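These protein sequence lines map, in sequence, to chains A and B. For the first sequence, the working numbering begins at 8 and goes up steadily by one. For the second sequence, the working numbering begins at 11 and goes up steadily by one.
None of these hints come from the bench; they were simulated from the model. Hints are not guaranteed to be accurate.
[Unchecked claim] What follows is a list of derived Cβ distance ranges for each label pair:
#	chain 1	residue 1	chain 2	residue 2	range
1	A	342	B	350	40 to 50 Å
2	B	173	A	56	51 to 61 Å
3	A	161	B	111	31 to 41 Å
4	B	168	A	348	58 to 68 Å
Computed from a prediction, not measured in an experiment: that's the story for all the values here. Beta carbons: idealized from backbone N, C-alpha and C, even for Gly.
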Amino acid sequence: MNNKLRLQPLFDAMSDFSVAEVNRQMQTFFAADAVINMCQPWGQLQGPQALYEEVYTGLLKAMPDLERREFIVMQGICDHGAEWVGCAGNYVGTFVAPWLDIPPSGHLTYMRYHEFYRIETGKIVEVQSIWDIPEVMMQSGAWPMVPALGRNMCIPAPATQDGLNIETNEQLAQQSKQIVLDMLAALVKHPSQGGPEVMELEKFWHKRMNWYGPACVGTCRGIGGFRNWHQIPFLAAMPDRGQADDKLVFNFFGDGNYAAVTGWPNMKQTIKHDGWLGITPADQPITMASLDFWRMENDKIRENWVMFDVLDIYQQVGVDVLARMREFNKARVQGQLPYPIGSV
Amino acid sequence: MNDFSEIKQLIRQMTATMYSFNEVDVRRAMRGLLSDQCIIHMPHPLGDMQGADDLYDKCYGPLLAAMPDLERRDWILMAGESEHGSIWVGCAGHYVGTFVAPWLDILPTGHLTHMRFHEFYNFVDGKVTEIQTLWDIPEVMMQAKAWPMAPSLGLEFYIPGPATQDGLSISNQDAAQPLRSRQHIIDMLTHMKRHPTQGGPEVMAMDQYWHDRMNWYGPAGIGTGRGIDGFRNWHQIPFINAMPDRGQYMNEITYQFFGEGNYAAVTGWPNMIQTVTHDGWMGIAPSGQKITLCSLDFWRIENGKIRENWVMLDILDVYRQLGVDVLSRMREFNKVRVQGSIPFPIGDH
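Using the sequences plus the hints, can you model the full thing?
Next comes the structure, spelled out in C-alpha cells:
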C-alpha cells in the first residue's frame, strides 16, 4: 500500500493547475460517489464532478495561475482500519476576480488547506477538507469579524523541509502517533481535573514549539504563546471540551516523525463563557472538525498545524460571516482585474 | 423667551477649566457646579458615581494621568426643556491629548488622541443634579490598535463638529423654534419606527426629514454613514435586521428631548430596549438577548431637514450585557505589547 505514490499524479496536476489535466486525474482517482466533506460554504458534495465544478472552477477563475503548494503528505491506517492520505499546504495564486464575493487583492494570495483522503481499493471514497477562507478575506481587507489574538502570516512548511518525503518507518509512525495520543490524554484533563499543570505541557511539547492555528485564531510560538493566544481563551469559553469524545470518531495515524488526525466532526463543546473569538456566550452547543498535523523532534512536538472551520462555527451560532462581508463590499468598487495585471 | 443662557454660561465656566485642563481649577469648578448628591452616569466600565470628587477621581484623574496635556474641545453646547419639564444642557466635542500612559489598560499611542464625548447635564435650581455621559472609549482603543472586536461597517475617523461652526453659539430665532426643532426630530422618529413592523423603508419617509447630503456620525464600532444610503447600509439595515423589535418598548423607557435654535438633542438612561434576535449587528451571535441602550444624540437642521446627526451609544455596555468583556479581550492582546509609559514630553526639543 503506497497511497501517497498512487495519488501523486493527481497532486502533480494540481500543482500546475489546468482544467483538463486536473479533471482527468480526478476522474481517475475518485470513486464516482465519493463523499466530499468541504468546509463552509459548500458542505457535503458527492463525486469528483461536483467537487470540480462547485469548488475548483470558481477558485481557478479567481486565481488563473492557481497552484497547489503542498508541504506535508502523510499516509497511514487509522485505528478504525481505514487508509488515509493527509495533505497540508497552501493554494497560491494571483487573486484577480471575486471569489465567494471576496474582492480580489490583485496580488499573490495564499490559502492554507488541510485535506484528508480516505482510500478504498485504490480509489478516493471520502474527503475531509478545510480551506482557510478567512485567511483570504483578511488578505483582501475584507474580514468582518474580530481580529485574531495570534499572529497572521503565510503558514510555513515544516522547519525540516521533509514533509513531502516522510520516511516510511512503521515503528516510528506508531511512536509518533502515541506521543500525540498521550499528549491529548493529558491535555483534556485540564480544566476538569486540575489546572494547567495536569497537561504536563513541557513533557510533550518542545519549548520552541509552533502552533499554526487557523487565521481566525492565528499562530502561537512557545507553550506560553499556545496558552495565551489559543488555549486559555478557548477553554475559558468552552470548559467542557473533550467531555463528549467517546461519542466522536477520531481518525489518528502516524507516518515517520509525523502524526495526523481527522474526523467530521471530532469535537463537541458548549460556548458557556466569554473569551473565544468575541462570541457572545449563550450555551450554544457546537461541533468542530479539527484537522491537524504534528511533527515530532526528539520525541517532543515541535510543530503543530491546526485547522478548523471557523465559518462553520459562526454559522452554528447564527452568524453569516460572508453576508457580513458583503455589507462591507457595498463600499468597494466591484469587478475584476485584468489578468495578467498591467503590461508586462 | 426662556433661552437658558444663564445655565449655559455655568457649563461654559466649568468646561473652560477643562480646555486647559488642570486638577485644581477643574475640581473647584466641578464642586461649584454639581450638587453633592449629583448622580453621574458614565459609560462602561466607569459606571455610576456621585458628586464632583467621585467624578474627578474615577474619571478625570486617570484620564489626565494618561494625557498630561488633556484638552476638552467642545463643538456643541445647547440647552432646553424636555417634554418632561426638566432642564438639560447638552455638550458634544472631544477630549484630546498626547496619550502617553495606559488608560483603562489601553496602551498609549504617543500621539494626539481623540475621544468624542456627548454629555448631558440636568439642572435643578442652578445646580447640576444628574449627568448622563458617553465617552467614545472604543475610539481610543482603535487609535491604539487595541480594538479586539469586529471592525465597523462605517467609516472611522475624527468626527467633525457642525459644518456651520455655530454649535457654540446656538440661539433661538423665535419662541417657537425649540419646539419646532424638537418636533421635527420626534416626527422623523415616529416615521422611522414604522419600519420594519409597518412596512418597508418607504414608510420612514426619509426624504421628507433628512437632507440628501446628511451625515450620520455614529459611535466607533459602527462608524459614520454619509447620505441616506450610507445611513441605511452601514447602520440601520444591520441594526434593524438584528433587532427588528427596536422601538417596541416605549413605555419602559424615558426620553429627554429638547430643541434650541436649529438643533435638537436627546438623552435618556436608558432610552432604547430591544432584542438581538437575528444576525447582522456588529457580528454578534444572536440568541434572543434583550438589551438596553442609551442613545445620546444631537441633530442639526438646515432648511427644514436634518443635515447632521451625532450619535453615541455605549458599545462596551452592550457587549457587557451580552456577556462579553471587551476590555478583558483587549488585555489578552496587550500581553504581546510592551507595557509601560512614554516619557512626557516625548523626545528632545
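Comparing the hints with the structure gives:
1. 342/A / 350/B: 40 to 50 Å: holds, 47 Å
2. 173/B / 56/A: 51 to 61 Å: holds, 59 Å
3. 161/A / 111/B: 31 to 41 Å: holds, 36 Å
4. 168/B / 348/A: 58 to 68 Å: violated, 35 Å
When the structure is compared with the earlier hints, a violation turns up for hint 4 alone.
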